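K.L.:
What follows is each chain in one-letter form.
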Amino acid sequence: MATQDIPQDVGGGRASLLYDPKVRGIFFQILVVVALTAFVYWIIGNTIENLKRANIASGFAFLNGRAGFDVSDTLIQFDSDSTYKRALLVGLINTVVVAGAGIVTASILGFLIGIGRLSNNWLIRKICTVYVELFRNIPPLLVIFFWYFGVLSVLPLPKESIELPFGSYLNSRGFYFPKAVWGEGAWLIGVALLLGIAMSWFVARQARQRQMATGATFPVFWTSLALIVGLPLLALVATGFPVSFDLPQKSTFNLTGGLQIKPEFLSLYLALSFYTAAFIAEIVRAGIRGVNKGQTEASSALGLRSGQALRLVVVPQAMRIVIPPLTSQFLNLTKNSSLAIAIGYPDLVAVGGTVLNQTGQAIEIVVIWMVVYLGLSLITSAFMNWFNAKMALVER
Amino acid sequence: MSQNDLHYVRTEMALPQPAPLRERGPVAWIRKNLFANPFDSVLTIIGMIIVIMILPPLVDWALVQAQWTGTDRTFCSTVAQGGIQPEGWSGACWAFVNAKFGQFMFGRYPIEERWRVILVAIMFVALLVPLLIPRVPRKGLNAFLFLVVFPIVAAFLLIGGFFGLPHVETPLWGGLLVTLTLSYVGIVVSLPLGILLALGRRSKMPVVKMLSVIFIETVRGVPLITVLFMASVMLPLFLPAGVSFDKFLRALIGVSLFASAYMAEVVRGGLQAIPKGQYEGADSLGLSYWQKTGLIILPQALKLVIPGIVNTFIGLFKDTSLVYIISMFDLLGVVRQNFSDPAWASPQTPASGLVFAALVFWMFCFGMSRYSIYMEHRLDTGHKR
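First to last, the sequence lines map onto chains A and B. 84 is the number that UniProt numbering gives to position 84 of the first sequence; each next residue is one higher, with no gaps. 91 is the number that UniProt numbering gives to position 91 of the second sequence; each next residue is one higher, with no gaps.
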């Protein structure tokens, strides 16, 4: 019987501990931790000493101090007697508003241009390509400057405002448009609108269930449109038009009345939308091209028209490819809104910069910035992850 | 009886008939590409309106009406604005760009020392171009010169202060010089740092992994402006009293760290795409971790993510314009600064300066993206499905 000598691992044959990857790993990690701790200790020591010398009290107590500066663009009550805390809140709201508005516009524009780049129409294709290649390759700050210094500030003075339809005006101080003044009973219109939305959601659900069960379709889109537009209109008529418009009026030097959108907001919003739309267009194009060609062919074999094939077959599948990079573009847009400081739109960074200059609380302000932006990023990604999970392929 | 062979066999192919007239030629092309169906026609008309609204006025503004020469603002403003142009004139003020060109390129770098910047630029091009052309041999030596020798020589030349070269302080630097220096350093530092961070994030050592994740996610979650602010207002606090960093150096550190976090995520994407067999194969050959990473994994991973890497480079190049906010003057900053020059202030100055800056940025970024497409095709070994 043939026997084989199996070498036994007897402790003595072991390689030295120096060459054991596990030991090496632990040693290396301890080294990193020690070095990092020493470094942080050194930094904290220096910082404490520097702060003591500059006579700056650390901590967030300064937030309750009187701000003493005015903010040009506020959505909530703010004056120079308000606290720093409120100033930062104003900044945060402005950031969220400009980022939110920018995201909506950039998405719409980006989807249109992305689909346009795949169009069969030569002219549309070329226009969209030029747009994308132009805006992808210049810095966002330059786009903001272009709108602000190149376009909006060379518009005529209020005296010679450009008149636009619906009683709105455009001049170097911004965009003026009529403000709706709601009279008594106007709340009914809001209720009707909400009711309309709720009912269309219900109708859409019922129609879907019926289609799943019986295959019979229902014109959901037109019904919803009728509900969402019709119900408020009905309420409007029933309450006897309780709405009047405060139109902007030309006076000698300025426009009075109506609502004004400042050129700072307008240029930041337009620049962010135009710039990000170019990136979204590329993502959408890649998403649609990423859908297998067989899917389009199969849908035309089933007798779907090209519009139907796009809407029912291609886009839902493309969305799965599109959403993750789209999320990061939304985050980029939010982060790029911090460029507001360059043209003086009071967003979080601009307001924080003013507070920083006044109080010298550099660490606290930078911490607030980081926490807020990280928070905004987390909220956006959480929402997009939920949306992504909803759109994801349901597999058995 | 005559034997007539009535069979007729053609010995040569009949010439192909030309396609019907409505299937070829410009008319057919227009029908197919512009007016295929009613909706298409509407789109074409909308597109034409857009083109007509933008292109002729643009050409008129930038070329026909433009003022090419001049010495001050009067050449670029209308009579009512105190200039020489007729009422209603609207054209680009290239005279402004022409007069300020030196500043746009070098900032406030002393005029008699500008040859040093030009010399550095010539060295940069002379080393970069052969590196980019695949056919030129001696890539290793070239890369060594470009990445190791060139920065040292360039730093000595630009800063000066030895061999009789006067010292030029970095606050005097500006314009394209700052843009390119920031981008070059950012690119050269962020790629290796990004690779290290990506490897750290995939490391099996929990401490290293955690630190990499924290760094990458924090930096990616905040805007570059806050990182630059941190570099400019917080870094001095962290250092012992009396020790101060050059502001330019602080911006360099901020930009490089910021870019390396993005680079790390791009490289991680490449690392994840390498099949497990490659790692196992390398292990079975008895390669050490660094041999495995350097010889097997990274060459494949980096090749996969070239577009992503170049996109990060382009993003970095564009982001350098943000140093304007911590009052350093890159190309865009210098252009912006010159709007308020009373000698040139006119309604046309800002747009002209910005269009010029946009053109410069566009050429660099577009060039980079084209080169990446070319490289991607060249390195494509056909394994991609």
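If you are wondering where the hints come from, they were derived from the structure by calculation, not from laboratory data. Certain hints may be false.
[To be verified] Below, a list of computed lysine to aspartate or glutamate pairs in the EDC-like style, where the Cα atoms sit at most 20 Å apart:
no., chain 1, residue 1, chain 2, residue 2
1, B, Lys292, A, Asp79
2, B, Lys204, A, Asp20
3, B, Lys204, B, Asp246
4, B, Lys303, B, Glu376
5, A, Lys262, A, Glu160
6, B, Lys209, B, Asp246
7, A, Lys126, B, Glu265
8, A, Lys22, B, Glu280
9, A, Lys179, A, Asp81
10, B, Lys204, B, Asp283
11, B, Lys139, B, Glu376
12, A, Lys126, A, Asp246
13, A, Lys262, A, Asp246
14, A, Lys22, B, Asp40
15, A, Lys159, B, Glu376
16, B, Lys303, B, Asp380
17, B, Lys204, B, Glu87
18, B, Lys303, B, Glu265
None of these values were measured; they are calculated from a predicted model.
K.L.:
With reference to the structure, classify each hint as holding or not holding.
P.N.:
Do the hints match the structure? See the list:
| no. | hint | in the structure |
| --- | --- | --- |
| 1 | B:Lys292 x A:Asp79 | 63 Å, violated |
| 2 | B:Lys204 x A:Asp20 | 15 Å, holds |
| 3 | B:Lys204 x B:Asp246 | 38 Å, violated |
| 4 | B:Lys303 x B:Glu376 | 8 Å, holds |
| 5 | A:Lys262 x A:Glu160 | 17 Å, holds |
| 6 | B:Lys209 x B:Asp246 | 32 Å, violated |
| 7 | A:Lys126 x B:Glu265 | 33 Å, violated |
| 8 | A:Lys22 x B:Glu280 | 18 Å, holds |
| 9 | A:Lys179 x A:Asp81 | 28 Å, violated |
| 10 | B:Lys204 x B:Asp283 | 15 Å, holds |
| 11 | B:Lys139 x B:Glu376 | 18 Å, holds |
| 12 | A:Lys126 x A:Asp246 | 43 Å, violated |
| 13 | A:Lys262 x A:Asp246 | 18 Å, holds |
| 14 | A:Lys22 x B:Asp40 | 66 Å, violated |
| 15 | A:Lys159 x B:Glu376 | 56 Å, violated |
| 16 | B:Lys303 x B:Asp380 | 8 Å, holds |
| 17 | B:Lys204 x B:Glu87 | 72 Å, violated |
| 18 | B:Lys303 x B:Glu265 | 15 Å, holds |
Violation of the numbered hints given earlier is confined to hints 1, 3, 6, 7, 9, 12, 14, 15, 17; the remaining hints are satisfied by the structure.
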